[in-house]
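Engineer: Residues per chain are reported as follows:
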Amino acid sequence: MARMKFLCDAERCIECNGCVTACKNEHELPWGVNRRRVVTINDGVPGEKSISVSCMHCSDAPCMAVCPTDCFYKTEEGVVLHNKDACIGCGYCFFACPFGAPQFPNGPAAFGTRGKMDKCTFCAGGPEENGSKAEYEKYGSNRISEGKLPACAEMCATKALLAGDAPVISDIFRDRALRRGKAGDAAWGWTTAYGKPEQAAPVAKEGAK
Amino acid sequence: MLVKKGKSRTQYTPEAGVILAANPASSATGRKSPEGAMNGVLATTMDRRTFLKRSGLVAGGGALATQLPYNMIGSAEAADVAKDKTGVEVKRTICTHCSVGCAVDAIVENGVWVRQEPVFDSPINLGAHCAKGASVREHGHGEHRLKYPMKLVDGKYKKISWDQALTEISDKLLAIRKESGPDATYWVGSSKQSNEQSYMFRKFVSFFGTNNMDHQARVCHSTTVAGVANTWGYGAMTNSYNDMQFSKAALYIGSNAAEAHPVSMLHMLHSKENGCKMAVVDPRFTRTAAKADYYSRIRSGTDIPFIWGMLYHIFKNGWEDKEYLKARVHGIEKVKEEVMKWTPDKVQDVTGIPEAEVLRIADMLANNKPSTVVWCMGQTQHTVGNANVRAMCILQLVLGNVGVSGGGTNIFRGHDNVQGATDVGPNPDSLPGYYGLAAGSWKHWCAVWGVDYEWVKKQFASQVMMEKSGITVSRWIDGVLEKNENIDQDSNIRAVVYWGMAPNSQSRGLEMVEAMKKLDLLVVVDPYPSATAAMSAMMRKDGVYLLPACTQFETVGSATASNRSIQWREKVIEPLFESKPDHTIMYAFAKKFGFEKEFCKNIKIDKDKQGWDEPNVEDILREINRGVWTIGYTGQSPERLKLHMKNMHTFDVKTLKANGGPCDGEYFGLPWPCFGTPEMKHPGTPNLYDTSKHVMDGGGNFRANFGVERDGVSLLAEDGSASKGADLQMGYPEFDHVLLKKLGWWDDLTDDEKKLAEGKNWKTDRSGGIQRVVMKVHGCHPFGNAKARAVVWNFPDPVPLHREPMYSPRPDLVEKYPQGADKKVFWRLPTLFKSLQDKVKDISKEFPIVMTSGRLVEYEGGGEETRSNPWLAELQQEMFAEVNPKDANNAGVRNGEFMWVETPSKGRMKLRAQVTERVAPGTVFLPFHFSGWWQGKDMLEFYPEGAAPIVRGESVNQGTTYGYDSVTMMQETKTTLCRVVRA
Amino acid sequence: MKKALFLALTVTVGLSLSACGEYSQVASYKPGNYQGKSDTRPWEGGQFAGNKQAWEAALNSRNQTQNEYKRTH
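Residue numbers (the working numbering), protein chains in the order written: chain A, 1 to 209; chain B, 1 to 983; chain C, 1 to 73.
The hints are simulated quantities; they were obtained by calculation from the structure and are not laboratory data.
Just so you know, nobody snuck in bad clues.
Below, in silico cross-link-like pairs of lysine-lysine (PhoX-like), each with a Cα-Cα straight-line distance of 25 Å or less: (1) 91/B - 133/A; (2) 823/B - 483/B; (3) 597/B - 443/B; (4) 724/B - 322/B; (5) 886/B - 49/A; (6) 52/C - 133/A; (7) 248/B - 70/C; (8) 52/C - 148/A; (9) 70/C - 657/B.
One chain only, chain A, in its complex shape (with noise of 0.2 Å):
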């Protein structure tokens, strides 16, 4: 079975917030609540990368873990869920993630200026009938049960976000990083893992041709 997960090409992604927008008109988010955000290192300076971040949909979520009130499940394809109606709005999980994925929009008058958390669904939906209004209401759009991918990686302007079958789409990577033909930024993987640039190299040959 699928194991749904996000990768974001860095040597793709060109900050254009094409995602985030999709995201936004996907699911008719309101102002304020960001369930994708694109985050910049080395801003303006040689070295400038940047990735776009939601959530990551983890295989042991940390969100899962702290919520007290257990309102998280994660369905056979590996998509972190979470049913409103448990939720608290407490704000646990946002303490946990490492992504800070979690949003709290305005709310009901019940919970203050905090409403209950809202976050990226992998375009799954919710605990709710799929594709019903109710479901939309909620959660947004329930493009998976439609056979489509979320909608951020489907608009992706150069393809850099992908989202799918795990081992389907760090094949697409891959793919790329070798065609790349370099070690450094591109195969960092590699080098991380394996050692230094020069024992890269018979990659980065057979890239090259």
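With the hints as your guide, set chains B and C onto chain A.
Structural biologist: Relative to the frame of chain A, chains B and C by itself:
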């Protein structure tokens, strides 16, 4: 307001909108306009807001869930609901933000645009979108739109009816025409209109009797169009975004494609993965630079010394393509003389780029062929813009890169249809198709339009004015403010119609508001009230009208992408609120002006849903097809374009050529030139001037447009350098009836073709016979086969020369490389060059920092449209300026604080300091998409209520200074001076 | 083990409180165990109507739309 409709459906539906569209007559407010069922869309649409604020609201309500372990229920009900798909349609359209031409599938349910899906089939964008493209569905909400006609009364905008608006405006315009002549009006057209609308706009203003019209291209790529066309024939991107996948090296100079044309980077980064080297030369370390192999920081406005610096190394190392230069280029020796003066030390002194870096990029381009170059506003918006772009052309000619796949000059246009509007739209110096304004051109077009030439002539003040280029949009303010004796027309401008362009994209904002104040009448026709509404309301109490046009998603029509591919947009939704398509509004005015019959002689008039007369858009395109022979807009019939839109998946991404299927052998969007009649089935031209292909397969060669010889030297191409399979394997002039007869080809024409072709040339033969015979029968190019011109002798600087910007930080270089002489009459206006430069030579003592401007990815153009889209506005909430830490510290400004940027024209912009090394010390960068603040004050009160953009900020062009290109009147906005002051 | 003990304790506390006439102040959540509303699998209902293979095929082809190399070569 959330009335539940009878049937349940699979997808969510924004209910409020559905009710509306389904029952257009059932008005929530009961408002009625004279034109009929202009229902209360406003009120109900506003209600959607509540609907949209759904997140968290409903949560907690439906606790009736089963307590089964998760994933255990399969809903029986769901399967039933799935079948109910009535009212769901998919409409294919094209993003309206930039010239890449990304396809969008709009899911429309009962008339409401409910979803947006990527079009993976599009060979241009393969489903990809930037922030703007991924948010176009917001146009279906349009909460900040101009909703109905409005009139400025006592300094406030009041709602009026369409009838009242049309009557009052046309009465005033007719009165002004009667008193002061038609040239007392100025018409700013739009590059955001479809080809058909911009074409009709040219015709419309011509019939009103003036050439005083223009559009965004003037301040965008006018220098490119003029410079490039005069070099080799056509002023357009030679290759395509897709073709860059064949490049082995690419130089981006004055282009920040990652922000301005994000989806083009899909092709470039793909190319880079396959070994293409990429260099960026820019005053800023842009996001494009962040993706490049090499980056060099250039001083703004010194492109020519840099390009000559590269050519110096190319010539010195013998890297030039000698055979190519001999066979296909005229006058390179003269260029070489100038180039060799630019020794590396001089280049470094002027541009700031060290020799090693210049050599590295020259080496990269010369030794990784085919190599391409990309430029945008960074090259064009200068007083030497026309020379900058020619220097780039020369660079590519020297390297033999033009007419080669993977090479070419990839000039990225700005707006979605700025290429098309330039080709067939409201240009002050030309009729559609670059025919110019000579009597013969008018006669050609009168024949196409089916109107009497004498009648059109009578509409103008005189034949002289009919054949005299109009004032440019960059200078309309001087047409108002300049002393009457200094201008080359009878009256000053008294009325301006801003039909789809932002005023904050033109320089000298402080003088613009003075001009607005002085006008008798100002009319704005736009989906958004635009900065024009607020700027004029700030200056005056009355005499301004706002008319709501709809967007391109609310009508049909074609748009030409930067690569000359033409795509057809389907209508996604009905016009929102009381808005109308531009061509419908033009027709309504034509009726008031009494020339509606002439205006649509060959065009069917339909009735829209409210009973308005709407010219048939397909008929308009067919009329364009029958007239624009010069650049091959004749083969792209509506039927052929629609077939391409349906069969996108059959086109190859790299070559854009269809492989099998109904469009087999054709190039996507029939990129112009697509010669002959649609029946001739020319496949379009993917790469211009490509001799490796037969003309009937999109091949070509340089155009013979500048005579056959110059100073005793032939301008025609050398033997053997014709396009593949041409009967004439040599240089030859353009074809006309005489040449055809001489060659004995005349009898290849049919009898019917002969009748129309007699006495005509390939551009004016309305039968298309000459093009057919020359191309299909003899494999030749109708515009001849000549050499490209490295020396453009009809320009002020035949060989591009460096001239320091008007406002230069280097007085010493101003003395060495001064501007040319002032011009007394230039596009009807006196224009300053050297006298002003001398006057401000030492002004850098007071204003020591170079001010330049550019794009942000989230916004587009003047920005009123994109800043009104909450999904985009949230991402850039304030106007800012990038300032180097050194300059910030010297001024005592800290990151994120307000500061003032002050310019020599007394411009003062209050904005946030973004302290960053993206810009060098001595340079400040301002994005140009903002408006709605004026010298530190929010202009909210001057906007029509509820129609102000969400994000407002200081416009950079409030403070830009005087300076215009010596050929096209392009404004200088990329290099001026400023100082930074703590707020 | 620990979990079970913890649960037992909570339950005991809950019971003891209710014995004093108070209503339960502690919800009987099992840490880490979702007990909320159930969800349908993506292929259930909707357009795939339970056809898992069709759904997987759709996603697979969609996956490849992210790979422009697939289309150009």
